[in-house]
Structures are given as C-alpha cells and as structure tokens.
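Colleague: Given next are the chains, with one letter for each unit.
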Amino acid sequence: MIELIEVRKAFNQGKHNEFWALDGINLNIEAHRVTALCGPSGSGKTTLLTLIGCLARPTSGRARFKGEDISGLPERFLTQLRRRSFGFVFQQFNLIRGLSAEENVMLPAAPSGLPQQVVRARAAMLLDRLRLAHRRTARVEWLSGGEQQRVAIARALINDPEVLIADEPTANLDTTLAREFLAILESFAGEGRTVILSSHDPLVIQSAAVHRVINMRDGRIVDDN
Amino acid sequence: MNIWIEQQRALIDFTLASLARRKARNLGLLAVYTLLVFVLASVALFSHALRHEATRVLADAPEIVLQRMVAGRHDLIPPGYLEKIGRIRGVQKMEGRLWGYYYDPVIKANYTFMAPSAGGIERGTIVIGAALERVRGLAQETGISFRAYSGKLYSFVVADILPHDSELVSADLVLMHEDDFRAFFAFPAGHYTDIALAVANPQEVRNIAAKLADALPDSRPILREEMLRTYASIFSWREGIVLAILSGAILAFVILAWDKAAGLSAEEKREIGILKAIGWETGDVIRMKIWEGVLISLTAFLVGYVAAYLHVFRAGGVLFEPVLKGWAVLYPRFQLAPEIDGLAVATLFFFTVVPYTAAVLVPIWRAATTDPDAVMRS
Amino acid sequence: MRRLVLPFLALAVVGFAMTCVDAALLRERHAVRIEANHVLAKRLGLTDIALFTEARYTRHPSQADRHAALQDHPLALEHFPTGSLIAPPRHIARHEYLDRTTARAD
Chain X
1 MIELIEVRKA FNQGKHNEFW ALDGINLNIE AHRVTALCGP SGSGKTTLLT LIGCLARPTS
61 GRARFKGEDI SGLPERFLTQ LRRRSFGFVF QQFNLIRGLS AEENVMLPAA PSGLPQQVVR
121 ARAAMLLDRL RLAHRRTARV EWLSGGEQQR VAIARALIND PEVLIADEPT ANLDTTLARE
181 FLAILESFAG EGRTVILSSH DPLVIQSAAV HRVINMRDGR IVDDN
Chain D
1001 MNIWIEQQRA LIDFTLASLA RRKARNLGLL AVYTLLVFVL ASVALFSHAL RHEATRVLAD
1061 APEIVLQRMV AGRHDLIPPG YLEKIGRIRG VQKMEGRLWG YYYDPVIKAN YTFMAPSAGG
1121 IERGTIVIGA ALERVRGLAQ ETGISFRAYS GKLYSFVVAD ILPHDSELVS ADLVLMHEDD
1181 FRAFFAFPAG HYTDIALAVA NPQEVRNIAA KLADALPDSR PILREEMLRT YASIFSWREG
1241 IVLAILSGAI LAFVILAWDK AAGLSAEEKR EIGILKAIGW ETGDVIRMKI WEGVLISLTA
1301 FLVGYVAAYL HVFRAGGVLF EPVLKGWAVL YPRFQLAPEI DGLAVATLFF FTVVPYTAAV
1361 LVPIWRAATT DPDAVMRS
Chain G
2001 MRRLVLPFLA LAVVGFAMTC VDAALLRERH AVRIEANHVL AKRLGLTDIA LFTEARYTRH
2061 PSQADRHAAL QDHPLALEHF PTGSLIAPPR HIARHEYLDR TTARAD
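Chains as they are written, first to last, in this note's numbering: chain X, 1 to 225; chain D, 1001 to 1378; chain G, 2001 to 2106.
Just to be clear, a hint being listed does not mean it is correct.
Claimed, not checked - Capping the alpha-carbon separation at 20 angstroms, the derived lysine to aspartate or glutamate pairs in EDC-like fashion look like this:
#1 D:LYS1152 x D:ASP1104
#2 G:LYS2042 x D:GLU1178
#3 X:LYS66 x X:GLU162
#4 G:LYS2042 x D:ASP1218
#5 D:LYS1084 x D:GLU1204
#6 G:LYS2042 x D:ASP1259
#7 G:LYS2042 x D:GLU1095
#8 D:LYS1084 x D:GLU1095
#9 D:LYS1023 x D:GLU1267
#10 D:LYS1108 x D:GLU1095
#11 D:LYS1093 x D:GLU1083
#12 X:LYS66 x X:ASP128
#13 D:LYS1023 x X:GLU3
#14 D:LYS1325 x D:ASP1165
#15 G:LYS2042 x D:ASP1060
#16 D:LYS1269 x X:GLU141
#17 X:LYS15 x D:ASP1371
#18 D:LYS1093 x D:GLU1204
#19 G:LYS2042 x D:ASP1104
#20 D:LYS1325 x D:ASP1160
#21 D:LYS1084 x D:ASP1218
#22 D:LYS1325 x D:ASP1341
#23 X:LYS66 x X:GLU147
#24 D:LYS1108 x D:GLU1083
#25 D:LYS1093 x D:ASP1060
#26 D:LYS1108 x D:GLU1133
#27 G:LYS2042 x D:GLU1226
#28 X:LYS66 x X:ASP23
#29 D:LYS1211 x D:GLU1178
#30 D:LYS1269 x D:GLU1281
FYI, nobody ran anything at the bench for these hints, they're computed from the structure. Just so it is clear, the structure is predicted and the values come from calculations on it, not from any experiment.
Throw the hints in and build the complete structure from the sequences for me.
Modeller: Spelled out as structure tokens, the structure:
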C-alpha cells in the first residue's frame, strides 16, 4: 500500500547544522495491518511517519501511496490526500484547547464541505463507540489523558481514512489505558484500516495486536519482522 | 456551490468557537469597535445632514450682501448708498437691512434683533424665536423689557412666536418694527446695517459685485455662493472638535486592534500547525481568519451605524448637544432630515472592515505557510 | 449562544436596510418643514443658521468680519470652544476675484 524507495530526509539542508534524519529507507507497508516503527528517540521514526502521512516530502527518493508517486505532489494535493486517506493521533494529542470534544473531532472535516449535520452525527457515532458520548460537550482540557487520546482517535477517524498514523500513542498512558488503546487498534485493523505507529514501548511492540515491528536506528531500518 | 457554503459554515463555526474561548476579551473589543463606529458615523451623519439642511434652507438668501467698512471694521451703511447702487445695471431689487445683536444680561445670552424689511410687525410688539420663548419663559401677549445700549428700558409685547420647526434658523431672533429698532439701537434715520441685493441674472452676480466694489470703495460685497460654501464646508470631515478628541481614541483602538489581531501568540501558532496537520489547507486557515475579521468588523460596523442613525435622526443627536452647545445659552431644538451621504457611509464601511480584516490576516499568512509536519517535530 | 451570532448579523443587516427605508420616510416628512424654513429664511433675508449664538462669527459665520484689527472669525485665536467646529467662511480665503477686479483693496 505504501512504498518507500531509497528515501532520505534532511533538516537544515545546506546549513552548518545539516542533519539527515532518514538515510536510505526502503520499505513496503501492507494494507489492513498494524505496523509499528520502533527505536530509540532520534532514530527517525517520527520523521518516517511524517513522510508516510504526507505531512512532509522526502529530500530524495520516492514515496508511493497505492501505486501513485506522491513525493512530487504539490502541497495542495498532498493536503487533500492527507485529509482523505490519513488520520493522525499525535503524541501530545494536539487537541485544540477551549473547544469541546465534539468540536475537536469535527475539525478535520471542515474543509471537506460535508453538511454539518452529517459530520456531527458521525462525530457522535465515533465518540459513542469510544465510550465518550457523555463527554461530548466537555472542553478537552477537562478530560483525562485517556479520554483526550480517545478524542484524538475519534478526530483521526472523522474523515473515514484508510490509514491511521499514531506517533508514540502510549507514551502518556498507564498500562491499563495502553492495553485499551491496543485493543482499539486491533479493531481498526479488523475493519480493514491500515495502522502505522511509532513506539519504543515494549507493551506495544510485544503486543499481539501489532503484526509487524520495524526496528530503526540512526535513520536506517536495522531489523524488520 | 453547496459544498462551498457548507465549508464556510464549518469555518465560521470554528471561528466562533475559537472566539468564544476568550469571550470577555472579544466582546470587549467588539464593544469598543462598535462604539468607535457609532461616534464616527454619528459625526458623519449629523454634519452631512446639517450641511444639507443649511444649504437647502438658505438657498434663497440674498444674492449679495453689501457691508460697509470703516477703519477696517464693519460699520453702518450711511444714507445715499442705496441711491448710488440704483444706477448699477442688473440689480433687480435692493433693500437696506436692519439687524444687530443684543446681549441679554438676565440669561446671559445673545439675541439677534431684526427689523424685517417686509414689515408686518406692529410698533411696540415683537415676534420671537422659539428658543427665546423657552429660555425666557415668554408666551404670546406677555411683555418683556430690554435695556438698550443707551441705558433706556424698552418694553415690548410678544405678538407672535416663530414656528418651533424653524428653530435652526430662528432660535434667537427678535423681530420688531423698524421704528422700534432704530429707537432701541439709536440708529440714525437712513442708516442701515447692510444692504441686501437681488440680481436678475445669476451669471452677472460676480460682475455686479465688482461694480459695487468699484462704485462704493469702502464696501464689501458677500456673495450668496460664498455664504452657501461657508455652510458646505462647515463641520466638514477634517474639522470638528469631536474628531480631534477622537483621534486619540482611534489611535488607541488601532493599537489595541492591531495588537489583538496581529500579535499571533504561540498558542495560535500551535493551533494553526494542528489544523494544517489534520488536513486543512493554507487557504482554509486564511479563509477561517478572514471570517473572524469580517464577523467582528461587520458586526461593529452594522451595529455602530444603525445606532448612530437612531441617535442622529431619531434621538435628535442628543449626545452632540453638550459639544455643540458650547457656552451658548440659547440652543435650538431641531430634528434633521436624514440626508445620508452614501460615499461617507461606504468610506466608513471600508475603513472599518478592511483594515481590521487585513490586520487579522497578515500574521496568519506567515503562520499558515509553515510546514504541516512542524506539529510532529515539536 | 454561538448559534445566535449569524441570525444577529442578519438582523443587523436588516437593521441597516431599515435605516434606508426609515430615512426615505423621514425625508418625506421633513420636506414640508424644510420648505417652510426656506420660505421664512427668504422672507427675512436670513444668511445663517442659528446653531451657535455666543459670538458674531459663530452666529453669522458667512457675514464674519475679516477686516477687524482683532480678528473676529474662526481662524482667529479661540474665544469659545465652538469656534473650532466652524470652518472659516470661504470668502476669507477666496476673495481673489474681487481683489483682482476692483481698483482699490477694501
């Protein structure tokens, strides 16, 4: 589904602090599976996630999504593709403070032009499924960490994406909540979504919910099983 | 089209939700903004309507008023001047006018005494303006005494009161018989305050004025077009104590609005990053911010303008009264006809909505063009 | 409450439109009064409006005395606050034509 060929990514290119976060990645990620990128901090897993999720373009090399080359797409198309096909759960959840859970969940759908009632109904359905129906109108900063993450998950799913990308999803959760999150992930794979996450949490890596673990170090893939 | 509308609805929803987070602050800003529009619009509406009213009412003022100067000061027209003018061609009608000022120490106000050339007022009686009626507590058939500059006391009976509707031109008038006027001010017979001339052909007015100045070298002709122009420029936009006082407030508001709109906090920057990461285009972020600017400034404009309209034309501009009144004791009560200068309203609209929206937009442009992956990296 | 914002804005637009309608109606009513005042001003030969009565140059700005040694017009040093509201009569600045065409300065 997602194919990376000889992908390299540099930051501050041409400056004295030039830094290659990814250095020759070849990777093929299958659809409908849960794939985990694993490695110490600074190993390039987050950068790789940004490339996979069309948040950034590789400095060199090719990226393909469902056979289509996306490394050369202009920003606008990249944004559209990102909105339609990818859902993101960020490490810090990145919810917008001051807005209610429902408003946060509806946000990615705003540029889509879908009727508000449709989006609101969908948001209600997702919150219900994630057992947050009772917190629908609560401001997100009043929610607990676990609830905030579930809001973030609902937000990632509002546009019904094929791919769910999660960056260090369990970093801010205790064991119970982390297990709960993995169960949710498994259900997504079960309904045909592709899940890609980065983590160095053994709980995630050893979990049965994760089908494939890719180990990274210094911007390269060191182990893939 | 439908999609576009739904998009804008969603963007407006988000804008409102985010404005609601700092409700007190944004409502406060909106209130100050509205107040500013209200004052500016009130000044513009009031001054334009007043200008219009003055030029309409005075449209048939004498074509030329001839004053005589003595030692550089306005003086009485001595006998013989009317005869001299009579020989100038093109002068259709002329009459010596009798008017002057009287200071009433009782209420510390100035009146304009006048003996209408058309007559119609009995000796010993006066016709007074409505403000006088009010301030001195006069009524028809009541008597009043004025002490002349000679020290002698003159008594009059109020024969009539000028229409209340005409206060704007007649508030302080005291009309009396010519003989009374001459006696009161000790005007020698044959002398006049000035001369009003009617000219048959309006094209000729300037020529006649030049001839008058030639024939009567100590005279000064004032043309009607000059009088009307005086009123066309009265309270013009640039003048006006209100605007002068306001300029400080306007400046303060501009700084406040600029600070509020342009000062992009780290929080806002983070939020824009999130929006971009979850699939908003730069254009969506900018559209959302345009809505924010337009909603605030349009609301301020509409509410401020409607309030100003009601204030000026339905409440008689009550808030201006203390300013316009100054130290005057006699102040006319008047309602202005709502003559509205479309261009001024359009200008006000432009200068309320555009700069604010622009101020909202400028920093957003910078933030919105940052990379969407910034969120993940931080 | 947020849902009321757009209806409120719509209401404000309607209010704006209403001011135009109201202005048209009021103008009609005022026309009679203005005409009556016009007739009165014509009959009495009035040259100025009686808005400010505290000084000659504010009561009759169009007749203001520009020749006085101690200037008596709105460009002069202020005596009264209203002086700043009134523009100087135009003929103060615009007498070139007469000044040019008369033999003697007045």
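Colleague: Look at each hint and say if it fits the structure.
Modeller: Comparing the hints with the structure gives:
Distance check on the hinted pair: LYS1152 of chain D and ASP1104 of chain D sit about 14 angstroms apart at the alpha-carbon level, within 20 angstroms; holds. Distance hint between LYS2042 of chain G and GLU1178 of chain D is fulfilled; the C-alpha atoms sit about 18 angstroms from each other, no more than 20 angstroms. Distance restraint check for LYS66 of chain X and GLU162 of chain X: the Cα-Cα separation of roughly 11 angstroms lies within the 20 angstroms cut-off, and the hinted pair is therefore satisfied. A hinted pair counts as satisfied when its Cα atoms are at most 20 angstroms apart, and LYS2042 of chain G with ASP1218 of chain D does not qualify at roughly 27 angstroms.
A distance of roughly 18 angstroms separates the Cα atoms of LYS1084 of chain D and GLU1204 of chain D; the hinted pair therefore holds under the 20 angstroms criterion. For the suggested pair LYS2042 of chain G and ASP1259 of chain D, the alpha carbons sit about 55 angstroms apart, so the restraint of at most 20 angstroms is broken. With a C-alpha separation of about 13 angstroms, the suggested pair LYS2042 of chain G and GLU1095 of chain D falls inside the 20 angstroms cut-off, and the hint holds. A threshold of 20 angstroms between alpha carbons decides the hint, and for LYS1084 of chain D with GLU1095 of chain D the separation of about 13 angstroms falls inside it, so the pair holds.
At roughly 17 angstroms between alpha-carbon atoms, LYS1023 of chain D and GLU1267 of chain D fall within 20 angstroms of each other, so this suggested pair holds. The suggested pairing of LYS1108 of chain D with GLU1095 of chain D is violated, with an alpha-carbon distance near 32 angstroms, which exceeds 20 angstroms. Distance check on the hinted pair: LYS1093 of chain D and GLU1083 of chain D sit about 12 angstroms apart at the alpha-carbon level, within 20 angstroms; holds. For the hint linking LYS66 of chain X to ASP128 of chain X, the alpha-carbon distance of about 31 angstroms lies beyond 20 angstroms, and the restraint is violated.
For a cut-off of 20 angstroms, the pair hint linking LYS1023 of chain D to GLU3 of chain X is broken: about 48 angstroms separates their Cα positions. For the given pair, LYS1325 of chain D sits about 19 angstroms from ASP1165 of chain D by alpha-carbon distance, which is consistent with the 20 angstroms threshold. A distance of roughly 6 angstroms separates the Cα atoms of LYS2042 of chain G and ASP1060 of chain D; the hinted pair therefore holds under the 20 angstroms criterion. A threshold of 20 angstroms between alpha carbons decides the hint, and for LYS1269 of chain D with GLU141 of chain X the separation of about 18 angstroms falls inside it, so the pair holds.
The suggested pairing of LYS15 of chain X with ASP1371 of chain D holds, with an alpha-carbon distance near 18 angstroms, which does not exceed 20 angstroms. With a CA separation close to 14 angstroms, the supplied pair LYS1093 of chain D and GLU1204 of chain D stays within the 20 angstroms bound. Taking the CA atoms of LYS2042 of chain G and ASP1104 of chain D, the gap is near 27 angstroms; set against the 20 angstroms cutoff, the hint is violated. Taken as a hint, the LYS1325 of chain D and ASP1160 of chain D pair is broken in the structure, with Cα atoms around 26 angstroms apart against an allowance of 20 angstroms.
Of the supplied pair hints, the one linking LYS1084 of chain D and ASP1218 of chain D holds, its CA atoms being roughly 13 angstroms apart against a limit of 20 angstroms. Between LYS1325 of chain D and ASP1341 of chain D, the direct Cα distance comes to roughly 24 angstroms. Violation of the 20 angstroms bound is thereby established for this hinted pair. At roughly 33 angstroms between alpha-carbon atoms, LYS66 of chain X and GLU147 of chain X are farther apart than 20 angstroms, so this suggested pair is violated. With a CA separation close to 40 angstroms, the supplied pair LYS1108 of chain D and GLU1083 of chain D exceeds the 20 angstroms bound.
A hinted pair counts as satisfied when its Cα atoms are at most 20 angstroms apart, and LYS1093 of chain D with ASP1060 of chain D qualifies at roughly 14 angstroms. For the proposed pair LYS1108 of chain D and GLU1133 of chain D, the alpha carbon gap of about 15 angstroms is at most 20 angstroms, so the pair holds. For the given pair, LYS2042 of chain G sits about 17 angstroms from GLU1226 of chain D by alpha-carbon distance, which is consistent with the 20 angstroms threshold. For the hint linking LYS66 of chain X to ASP23 of chain X, the alpha-carbon distance of about 23 angstroms lies beyond 20 angstroms, and the restraint is violated.
Note on LYS1211 of chain D and GLU1178 of chain D: the hinted pairing is violated, with a Cα-Cα distance of about 29 angstroms set against a maximum of 20 angstroms. Between LYS1269 of chain D and GLU1281 of chain D the CA atoms are separated by roughly 15 angstroms; this keeps the pair inside 20 angstroms, and the hint holds.
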